[in-house]
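Produce the entire structure from the sequences given, and follow the hints as far as they go.
Line by line, the protein sequences give chains A and B. Using the numbering used here, read the first sequence as starting at 1 and increasing by one per residue. Using the numbering used here, read the second sequence as starting at 596 and increasing by one per residue.
Calculated directly from the structure, the hints in this document are not laboratory data. All values derive from a computational prediction rather than experimental measurement. Backbone N, C-alpha and C define an ideal beta-carbon position, used for all residues, glycine too. Do not rely on the hints blindly, as some may be mistaken.
[Unchecked claim] Output of the computed footprint for chain A on chain B, the stretches with three or more beta carbons under 8 Å from beta carbons of chain A:
(1) 679–692
(2) 699–709
[Said to hold, decoys possible] When the alpha-carbon atoms are kept at most 25 Å apart in a straight line, the in silico PhoX-like pairs for lysine-lysine are as follows:
(3) K83/A / K694/B
(4) K597/B / K143/A
(5) K689/B / K83/A
(6) K684/B / K83/A
(7) K689/B / K652/B
(8) K143/A / K684/B
(9) K652/B / K102/A
(10) K657/B / K112/A
(11) K548/A / K525/A
(12) K597/B / K657/B
(13) K111/A / K657/B
(14) K102/A / K684/B
(15) K684/B / K652/B
(16) K102/A / K657/B
(17) K527/A / K548/A
(18) K464/A / K475/A
(19) K464/A / K112/A
[What the hints assert, rightly or not] Incomplete in silico selection of chain A near chain B, CB under 10 Å:
(20) H5
(21) L7
(22) Y59
(23) L81
(24) L82
(25) R85
(26) L104
(27) A134
(28) Y138
(29) L332
(30) P530
(31) G532
(32) V533
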Amino acid sequence: MYRSHVLVCGGTGCTSSGSLQIMDTLTAEIEKAGLTDEVSVVQTGCHGLCALGPIMIVYPDASFYSMVKTEDIPEIVNEHLLKGRVVTRLLYQETVTPTGVKALIDTDFYKKQHRIALRNCGVINPEVIEEYIATGGYAALGKVLTEMTPDDVIQCLLDSGLRGRGGGGFPTGLKWKLAKQNEADQKYVCCNADEGDPGAFMDRSVLEGDPHALIEAMAIAGYAIGATQGYVYVRAEYPIAVDRLTIAIEQAREAELLGNDIFGSGFSFDLDIRLGAGAFVCGEETALMTSIEGHRGEPRPRPPFPAQKGLFGKPTILNNVETYANIPQIILNGSEWFAAMGTEKSKGTKVFALGGKINNTGLVEVPMGTTLRTVIDEIGGGIPNGKKFKAAQTGGPSGGCIPAEHFDIPIDYDNLIAIGSMMGSGGLIVMDEDDCMVDIAKFFLEFTVEESCGKCTPCRMGTKRMLEMLDKITKGQGTMEDLERLEELCYYIKNNSLCGLGQTAPNPVLSTLRYFRDEYEAHIKEKRCPSGVCKELLSYLIDAEKCKGCTLCARVCPNNAITGTVKNPHIIDLDKCIKCGACMEKCKFGAIYKQ
Amino acid sequence: MKTLEELKAIRERMQGQVGLRGEDHSQTRVIVGMATCGIASGARPVLTTLSSLVQEKGLTDKVSVTQTGCIGLCQYEPIVEIMEPGKEKVTYIKMNSEKAAEVVERHLVGGHVVEAYTLNSTDMK
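What follows is the structure in structure tokens.
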């Protein structure tokens, strides 16, 4: 028995900031101190506070060390693990108070969170099935197979009000019910782990931190709809997630939690992984299934819906990782427990990937109906450098921007759609006053143009034309007619595209037009970018009164665009200036400005 | 796995260990002095005994065993303090593994302070 567990985050974020080396050094130092039999080092999944990685938590006292460096390890081992003296200066400073160290669950970041899908991430070792079982794992599968009929399972999900966490928000129970009703010799359970939205990484986190939860939920789904085979479609760009899921599937097979006659119930289910090559369109359900079948990932018209004719022409259900991660908990705790959280039509919790101009970049899980203000200001720690909040982008390239006026709106599926955005998979990118909304719209459109599969014309041609118009506007060559045509084209593409990719591609443009039309007009009428982002509309100038003639700017200019003599004000040649901003960054006197 | 009992057995075996990784305000805290004075007089076996027994008996959701530095009563080391929510702190002195096991059994499980080992049992004022 170990008296202390040191948890080191092995999620993608912390791994890339060096957590594997931390683990090695830690293990070596613990051995050197003779504590190998007393202290256990555990690699876990993501804790959510990715901005502070590598992260290390020492239990049982739950001391949270952030941004750990290998050189700090000997001190932590000799002081904390051996002598019980917490190394306060290396702790996450939010937990350090004048009266002592505050519990992690009392910090602003964790206090308002409620973790269901992420409950085991950062707590258990995802590569040890027994640790999952210790937290109640596979008990839901056991309950389903021994006490419940398939109809009971579906009714429980219907009552819980769980809706798909991948974007559309379709009721999960209803999806399963439709698939169960369709008789067939073979049915399939699929999991969408393609997670193509830029900035969203909660599915990766569940796969890396709690892969058995997905396996358990998919087996439950198989029992409910009458399927014996499942596929997890995961992108190959998630190597750690693929490894951990592969290990988890092998362990589950070995423990006979996958395979024939699970729990002696006569029910058999197995699971395989299919790797995607990272095409955004393969997150669309019909394209995903076409890809699993071995064809090029292109969508096809619906109906028939997957519940009627899905993978290999058989009834199929497809849910995303986060949706599945909720299911074992709903089975164990009951539908009322789940339905008690959230808003009238959106139950439970939602995971958001916080990114952009925010202090606590990372993953948070909050009850549905939490306001943007709580998520951004309290949990996210606000916007860096005292800048002002301008907008939050949700739903990735399919979503829209939410302006400051809706800061207090409770976030749920229906409210987000009402204000022109969508839940999507839960990417939440925060933008401050320095972000140009036209440029943001252009960024997302560049993404969709690149990712359009090209099967249908509105999406293939339409998004390209939209991008051209946006490009013109950001270069100061746009006209008001362009703006009208842009808007018209948005609606045309929305109404006529074959799949969700095209149908939602205009959303970033539409929502920014709705809330930030003045910025578009400033680009067109005044040839000015109010946030100072669009290069073509900017000039860098030197304030002759502030310039001391130190010549630093002239030396850093990569294009020799700055001239002047020592101790005399310098001048930027606007024809030569490539607007890189290097001079402004280096000037010690604040003499360079842009307009 | 063919029966729920097998699953339950694994769960019970592992629960105490994973239960160590929790934070709860209502937990009883068992604190062992592990400064130089504590270690020199044998605090480490006391700490490992307490920690192992708490896990073996499945008490980790109610009890956490941690270390601290020097409490200041070096001549009474190894010292173990037990803080139960809403109750006065109990300080056990001159502990060893056997006494620690007794404290787990009688105090943490049974709810009775083992007066003979406490600081109050000495004549220190």
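Hint by hint, here is what the structure shows:
no., hint, result
1, 679–692, "violated (count 0)"
2, 699–709, "violated (count 0)"
3, K83/A / K694/B, "holds, 21 Å"
4, K597/B / K143/A, "holds, 13 Å"
5, K689/B / K83/A, "holds, 18 Å"
6, K684/B / K83/A, "holds, 21 Å"
7, K689/B / K652/B, "holds, 24 Å"
8, K143/A / K684/B, "violated, 43 Å"
9, K652/B / K102/A, "violated, 28 Å"
10, K657/B / K112/A, "holds, 23 Å"
11, K548/A / K525/A, "violated, 36 Å"
12, K597/B / K657/B, "violated, 32 Å"
13, K111/A / K657/B, "holds, 21 Å"
14, K102/A / K684/B, "holds, 20 Å"
15, K684/B / K652/B, "holds, 22 Å"
16, K102/A / K657/B, "holds, 19 Å"
17, K527/A / K548/A, "violated, 31 Å"
18, K464/A / K475/A, "holds, 17 Å"
19, K464/A / K112/A, "violated, 42 Å"
20, H5, "holds, 6 Å"
21, L7, "holds, 7 Å"
22, Y59, "holds, 5 Å"
23, L81, "holds, 8 Å"
24, L82, "holds, 7 Å"
25, R85, "holds, 5 Å"
26, L104, "holds, 6 Å"
27, A134, "holds, 4 Å"
28, Y138, "holds, 6 Å"
29, L332, "violated, 12 Å"
30, P530, "violated, 46 Å"
31, G532, "violated, 45 Å"
32, V533, "violated, 43 Å"
Of the numbered hints given earlier, the model fails hints 1, 2, 8, 9, 11, 12, 17, 19, 29, 30, 31 and 32; all others are met.
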